[in-house]
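Colleague: Fit chain B to the given chain A structure using the hints.
Next come the chains, spelled out residue by residue.
Protein chains: 2
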Amino acid sequence: MTQQPPHTFIFDVYGTLFDVDSVADKCNKYFPEKGEKISKTWREKQLEYANLRQIMGNYEDFYSITKDALHFAVKKYAEELNEEVEKELLENYLYLSPYPEAKAVLNQLGDKNLAVFSNGSHDMLDPLIKESILADSFSKIISADEVQQFKPALDAYAYVSKILEVKPKDVLFMSSNGWDISGAKNYGFQTAWINRQNLPTEELKLEPDIIYKDLTGILEWK
Amino acid sequence: MTQQPPHTFIFDVYGTLFDVDSVADKCNKYFPEKGEKISKTWREKQLEYANLRQIMGNYEDFYSITKDALHFAVKKYAEELNEEVEKELLENYLYLSPYPEAKAVLNQLGDKNLAVFSNGSHDMLDPLIKESILADSFSKIISADEVQQFKPALDAYAYVSKILEVKPKDVLFMSSNGWDISGAKNYGFQTAWINRQNLPTEELKLEPDIIYKDLTGILEWK
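Keeping their order, the protein sequence lines are chains A and B.
In terms of this note's numbering, the numbers along the first sequence are unbroken and rise by one, the last being 223.
In terms of this note's numbering, the numbers along the second sequence are unbroken and rise by one, the last being 223.
Where hints are given, some of them may not hold.
For identical chains, the list gives no copy identity; a pair is met inside one copy or between any two copies.
As the list claims (entries may be wrong) - Computed cross-link-like contacts, SDA-like style, restricted to lysine to any residue with a CA-CA straight-line distance of at most 25 Å:
| hint | residue 1 | residue 2 |
| --- | --- | --- |
| 1 | Lys-223 | Leu-95 |
| 2 | Lys-77 | Ile-211 |
| 3 | Lys-38 | Asp-22 |
| 4 | Lys-38 | Leu-200 |
The hints are simulated quantities; they were obtained by calculation from the structure and are not laboratory data.
Chain A with its partners taken away, still in its complex shape:
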């Protein structure tokens, strides 16, 4: 696979370790006719707003962005959002389910240093991970909020390297998001794209080192 296998495995969170589909289910509960559309726009705007704020130099934490994106999505489809529904929809991000294979895969990587790195802020990440069956798997939970630079900015990945005291080449970085894999590759990490949706590779001239359909594939690297 590589001359010197990576000793540090860094995982993205949303869509990579934890399944975000339940967010859509909850949108369907409150907006039965438009739940699919609202949840799709919500996710798109969440990512877009993080990108735009990164570009504009206008940082806000990911929780605020997630709330803003929800407001846009609900307005777009001419629905109302009361405080209670807003709270319940946002709280969904604290109670996501890990993907079925996640725990067993992490358990088999016991001699690697495992960490997570997400654009999510600690008020989102910490309750989610610490209350999940993955709680004991990671040496560190690292948020882009600590450096106020969102992935895929070079400064975001560089921050993680610094915190974990690792060279980029000694890291295997996992994400289900093509853009995140491109950013990690751009920085110099080795990358495994967890391509759960069977999408084509992003056309950014930063191909992943390897592609798997779920986390099981990374056991090749242990």
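Modeller: Quick look at chain B alone, frame taken from chain A:
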């Protein structure tokens, strides 16, 4: 409207002055079953790739990005793209129609300094504008490619200010893209959002100064 009315009017191009819907029509011609989906993904990826490259510090011109985005969209829907079809789809961007009201509105703004500023590269913008009925309307055609910084980066809008030798407060900036309006506002331009699709305002805490459904509204500022 304002104590000191702006003397320089800057226009975005795609979706603001020129109608991009014909791109979707052409996609339907070549991919009759999947044209809508392919053209939608194409446009989304075009914007996303510009954002991602801006964030990653990994600039490529907008023509290359447009081509890359097309490749992704076609692969996503499991279609084939031969050279001839690729060429014809991309050439579409050189032959867009101006919106019906554009020419008359620009004609009535004769005492203002009118310019365009687009993320598009000159190989896309110049043939489009110079062969259109809007050819004589503008003092300058400015591309983000000249400074290799895409909107909504501050450096992009700052470049236009410098080239046109204007202070931000003396500019009225028009775009149909909410993110572009947010970026222009973030820099300090006065902004008129041409909200052709009747969308909610972007939740970026950078509201436009005024919203119109098409370009006609800006005649209030003459």
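Colleague: Could you run down the list of hints and mark each one as holding or not?
Modeller: Comparing the hints with the structure gives:
1. Lys-223 with Leu-95: For Lys-223 and Leu-95, neither the intra-copy (30 Å) nor the inter-copy (52 Å) Cα distance is at most 25 Å.
2. Lys-77 with Ile-211: between (38 Å within a copy, 19 Å between copies)
3. Lys-38 with Asp-22: both (13 Å within a copy, 22 Å between copies)
4. Lys-38 with Leu-200: Both: 20 Å inside a chain and 14 Å across chains, each within 25 Å.
Of the numbered hints stated above, the single one contradicted by the structure is hint 1.
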